[in-house]
Structures are given as C-alpha cells and as structure tokens.
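Listed below, chain by chain, are the residues.
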Amino acid sequence: MKILVCIKQVPDMESKFKIDSAGTWYAKTDLAWRMNEYDEYAVEQAVQLKEQLKEADITVLCIGGDQVKETMKKALAMGCDRGAHIADDAAAGREPLQIAAMIAEYARDKEFAVIFTGMQSQDRGSAQVGLLVAEMLGLPAVTTVVQFAYDAGTVTARRELEGGVKAVVKMTPPLLITCQLGLNTPRYPTLPNIMKAKKKELLTIPAEQLLKVEARQETVKIAFPEKKGGGVVLEGDVADLADQVIKILKEKTAVLA
Amino acid sequence: MKILLIAESREGKILGGSYELLAFAEKIQAESVMFLVGGESALPSYPGKLYLAEAAAVGEYNPDVHRELILAVVAAEKPDMVAFCHSSYGWDLAPRVAYALQAAQVSEVVEVVDGTFMVPVCNAKLRRQVKPATALVVVTLQAGAFGSSEEPAGTPTVEKISATSAGRVEFVGYEQAAGGGVDLGKAQVIVSAGRGIGKPENVAMVAELAKALGGEYGASRPVVDAEWVEHNRQVGTTGQSVSPKLYVACGISGAIQHLAGMKKSEFILAVNTDRDAPIGEVADVLVVADLKQFVPVLTEKLKAR
Ligand SMILES: Cc1cc2nc3c(=O)[nH]c(=O)nc-3n(C[C@H](O)[C@H](O)[C@H](O)COP(=O)(O)OP(=O)(O)OC[C@H]3O[C@@H](n4cnc5c(N)ncnc54)[C@H](O)[C@@H]3O)c2cc1C
Ligand SMILES: Nc1ncnc2c1ncn2[C@@H]1O[C@H](COP(=O)(O)O)[C@@H](O)[C@H]1O
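If you read the sequences in order, they're chains A and B. Residues 47 to 303 (our numbering) are what the first sequence spells out, left to right. Residues 386 to 690 (our numbering) are what the second sequence spells out, left to right.
No lab work stands behind these hints: they were computed from the structure. Check before you lean on any hint, since a few could be wrong.
What the hints assert, rightly or not - EDC-like mimics (lysine to aspartate or glutamate), calculated; alpha carbons at most 20 Å apart, straight line:
1. B/Lys463 x B/Glu453
2. A/Lys293 x B/Asp659
3. B/Lys688 x A/Asp289
4. B/Lys516 x B/Glu536
5. A/Lys273 x B/Asp669
6. A/Lys216 x B/Glu685
7. B/Lys630 x B/Asp669
8. B/Lys516 x A/Glu260
9. B/Lys688 x B/Glu593
10. A/Lys274 x B/Asp661
11. B/Lys686 x A/Glu281
12. B/Lys516 x A/Asp66
13. B/Lys516 x A/Asp169
14. A/Lys62 x B/Glu666
15. B/Lys686 x A/Asp286
16. B/Lys584 x A/Glu60
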C-alpha cells in the first residue's frame, strides 16, 4: 500500500513574532521551527498503518524553502520511507488552494491508497488543504479524525465533534484523512532511526513544475490584534507576585472570604 | 448582497452557531436564505426562506450529499456569499463547496472590514486581512465572533429539497463522551493545567493550588490527550464549558478552543512565561512567571493564611 503524509513546518507558537517587510506575513528570522503539531499525528498514523500492514511505502511531502528539510528528516526518522520536498521559497504566501494544487499534482499518478494531512496548520490555520487535495483527486475524505482503524480494506474513523461527541464513519481507500490532536501518541525518533533517516531518499521538486493555479485571495496585511483585554500584567519576584495575587483575589473575588 | 447561511443540527437539535450566522448576515446587512439538513419537527427560529433536506433521508453527516444539496441551492439562489460556522460540520464542508464553486474560501473569519475579512494567525497572536478575488466567496465564521447565539424570532418558509446520490462515506452513528467523574460545572474555583506544566508529575502542583482555593482542577487538551488528566476535566469546545467565580490558567496559551470553554468565568488569573500569550486577552490578571516556581509559592501562602 502506498501512503502519503503531508506535513508543514511552522514556528513555535510561543515565539515572539515580528512582521515581515512586505507586511503580509510574520518575519521568518529568529524563530524556532518544528513540525505542525497536527501533522505529527498524521506521520504517526501512517507509520502505525505501515507497521500493521507490514508492506507499505510512506512518502512524506512538504512544501517550503530548503529549511523544511530539517522537519522532513524528523518524519523520516519517525518511519516514513521517502521524502518529496516541493521547493518553494514563496510557500508562506500561497493560499491553501495553491498548496493543495501542488500536492494533488504530485500525487495524481502515484496511486496513494491513503493520504494523511493535519486538520489544520498552526500558523495559517485554514483547515482547507487536506479537503482540497481530496476534491482535486476525487477522493472521499473525512476531517478531524481522532481514531483510525484499517481492517480488511475498510477504514473506520472517528471524527471529533463539539462537546467530545464522536461520529463513527466507514469508507474504502483510496481516501484522505485529516488528523486531529490526540489521534495517537506520536513517537520520538530514536538515535538509530535518526541515523537511518539520513540515508533515505529525499527528492526535491521545484514548485514551478507543479503549481498551475492562480490564487483566489490575497493577504492585504498582517498586524498584531489590538489589545482589548485590559487585564493587569504582573512581573517580578514570585513571592511578591503571590502576595499581590492574594490581595487582588481578596478584593476582586469572593473566593478568599 | 445575498448570503446563504449553512445552519447546523445534530441529533435533531438546531446548533447555536446557526444563529451566529444570522447575526453575521445582519452585521454585513445582507439579505439571507438558509440551508439546513435537519427535520421539520425542529426548525430554526428564522424569519426567512429555509431550504430543508431531511436528515432522516440524507444523513446528518454525509459530506458528498450535503455538498450536492448546497450546490443546488446556490444554483437556485445565486448568493454572493456562502457562510458556514467554523465548526466540525462547517470546516468539513466549506472547502468542498468552495472548490466546486471555484470560489475563494476564507476560514475562521472574526471581523469584516470594508469587504475584506480578518482572520487569526499563529494562535491569534497575529491577524491577517484577506481580500478574495472571486465574486462568490465562501466563509467560515469563528464561534462567538459575531453576536450572541440567542434565538431570534420567526418561523421560516420551508422549501424541501432532496438528493438521490448516496455519498462515499458511510455514517455509522454517534458516540457520546464518557460521562461520570467530576462535574467541573459545579466548582466555584477551577485551576487548570496546560502544556506549560511540562511533565505529568506537575499535575499535582496544580491540583494542590485548586485544593488550597477550595476548588477543582481542570486541564487543557494536550494534557488530556497525553493522558496526564482524564477527559472529564478538559475545558474547551471539545470538553466542558465552565464559568466559575475564579479560573486559574497555568501554562495555557489561550487557544480559541480553550477560551470558548472558560472565558465566561467571573475572574481569570493566568500564569504564563509568555507575556504575549493570547490568554492575556481574557485574563483579569496575567502573572508572567514560571508556573513551577510561582504555583507552589502561591499555594503555600494561601495555606498559611
Ligand atoms: C477542533 C479543535 C478542538 C479543540 N478543543 C480543545 C478543548 O476543548 N480544550 C483545549 O484546551 N484545547 C482544545 N483544542 C486545542 C487548542 O487549539 C490548543 O492546541 C490547546 O488549547 C493548547 O493547550 P495549551 O495552552 O495547554 O498548550 P500550548 O498552546 O502549547 O501552550 C502552553 C503555554 O504554556 C506556557 N508555558 C510554557 N512553560 C511554562 C512555564 N514553565 N510556566 C508558565 N507557562 C509556561 C507557554 O508560554 C504557552 O503559552 C482544540 C483544537 C481543535 C482544532
Ligand atoms: N506547505 C505545506 N506543505 C505540506 N503540507 C501542507 C503545507 N501546508 C499545509 N499542509 C497540510 O495541510 C494541512 C492543513 O493546513 P491548512 O489548510 O493550512 O490549515 C496541514 O496540517 C498539512 O498536513
């Protein structure tokens, strides 16, 4: 079985963000980069599926500049077999339709039985790319999956709904799944696997070869939201902070009566 | 300006987000029509035209068929915009519809400014202003961003629609969240542990503070997903919604799905090493500190009172 996993490299959300010179995205300097959290679940599920089937071949795909290869190596060390790096320095400015179009163009003639994506990216967060890939390839797709099982040619998945309710669905490959937090427990790559990953195929394909659609939307600008919450910010020595907090709680709440 | 609102129902009940769509239509002063897969016994309070497909016939979750139904309504009504909730139903359907209509889709809209849309980026630390290039636009709206979800008045004029195709995804049924355990809803004080606690051993620290304040402890999702804390203590859209007298968020960034479950708390205290964490937007007091140092000290001082 051929499996495709799509991953995105994103900055750590605890970073101090700055705006880039064009004013349309965050500046890429001074950031710590990692695999989009949702995509870690996608990679893990692909690897678990391979372990179950014994015979499977997992391609991990990522669109971005050269630096995304670092994140791809993590996916390879987790157990993906080969990497397809779609080289695109302008990836951050592409809209989901274009990202999806590149993935679909790459996947079109490769007969992947299952495609895993994250439910959303942590930075852009459109929650569109996975479904658009499915639409472009004519595949059935289910989003927000928190449980995945493959048995005798049928996939049973649980979609998470609001309030913790789940919808149980069944379908047959080829298909696409978008992975939600908690789907599994993503493994940490072991040292031997990190070494092995260095020898795995990591093919680079220029974006121009795959990108054939125009954007249907543009970013006018990006900005810090105005601070609406007028809360107090306290900093300093923890003992002083604790005293201040107790004083405030006494004044403002009834819980320390 | 005409807008098609995609309402939602589950197990025969209209979901509140449906009325937020209506508030959105009013806000942008658009004429609206509504689409719902549901039942005649539970119609939304809506004073306009409602295209209704029977859930009993087409299924409550059946994306292929729901898309076809919506496309048929779009063909008949020719709206300028199609609006979904940014919910498990909406984000699952909107890209399928937008793709078929060759329309721009803008996800998780929180504001409309002169025909452009504001959407959050990077856990709401930034905001992006988006301009669609297509005449027809598909949007999903962030829960709670547009007015309350109070029920408006009115009875819709119903036009029934149906589909003949079956869809490729078989919906087997719902599974309810396991009940039992603590009822966070009853607690006056809730102290929640987020990923910032770093390791499972530190749950105890948060639980201790909760005890010293006479309350219960809760958690954000990653802490529950990692099985450090049981699911019935999870606060947020996919956990519980709480509004205690005091909510203390320890090492919680303040993602929208967490905020949705606790922002109505009377008083919010946040402890976070990141001064810019979005939790600061709803917190009455943000203590910028390492919780591992601050929380035990606060607990001791409270106990010593
Ligand atoms: C459909 C959907 C539903 C969801 N439902 C829920 C839900 O019901 N509930 C929920 O909580 N989430 C939910 N989420 C997940 C949500 O988007 C966030 O990923 C999650 O809330 C993040 O949890 P967190 O704040 O604990 O972790 P993070 O976002 O990783 O934040 C950790 C915080 O801890 C701070 N920190 C780190 N170290 C320390 C320290 N030593 N001292 C003090 N602070 C520190 C960091 O600065 C950071 O702000 C949902 C997501 C989706 C897509
Ligand atoms: N640049 C990218 N390269 C590869 N996959 C991506 C990229 N951007 C988004 N994706 C995939 O699409 C999912 C949803 O992203 P988004 O639509 O941006 O929220 C992510 O979780 C990834 O699986």
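Here is how each hint holds up against the structure:
1. B/Lys463 x B/Glu453: It holds: about 15 Å lies between the C-alpha atoms, which stays within 20 Å.
2. A/Lys293 x B/Asp659: 23 Å, violated
3. B/Lys688 x A/Asp289: Holds, at roughly 13 Å.
4. B/Lys516 x B/Glu536: The given pair, whose Cα atoms are some 31 Å apart, is violated under the 20 Å limit.
5. A/Lys273 x B/Asp669: Within the cut-off at roughly 13 Å; holds.
6. A/Lys216 x B/Glu685: 53 Å, violated
7. B/Lys630 x B/Asp669: 12 Å, holds
8. B/Lys516 x A/Glu260: OK: lysine 516 of chain B and glutamate 260 of chain A at ~14 Å, within 20 Å.
9. B/Lys688 x B/Glu593: Distance ~10 Å between lysine 688 of chain B and glutamate 593 of chain B Cα, so the pair holds.
10. A/Lys274 x B/Asp661: 13 Å, holds
11. B/Lys686 x A/Glu281: 18 Å, holds
12. B/Lys516 x A/Asp66: 19 Å, holds
13. B/Lys516 x A/Asp169: Given that 20 Å is the threshold and the Cα spacing comes to 18 Å, the pair holds.
14. A/Lys62 x B/Glu666: 16 Å, holds
15. B/Lys686 x A/Asp286: Holds: lysine 686 of chain B and aspartate 286 of chain A sit about 11 Å apart, inside 20 Å.
16. B/Lys584 x A/Glu60: 18 Å, holds
Of the hints listed earlier, those the structure fails to meet are numbers 2, 4 and 6, in rising order.
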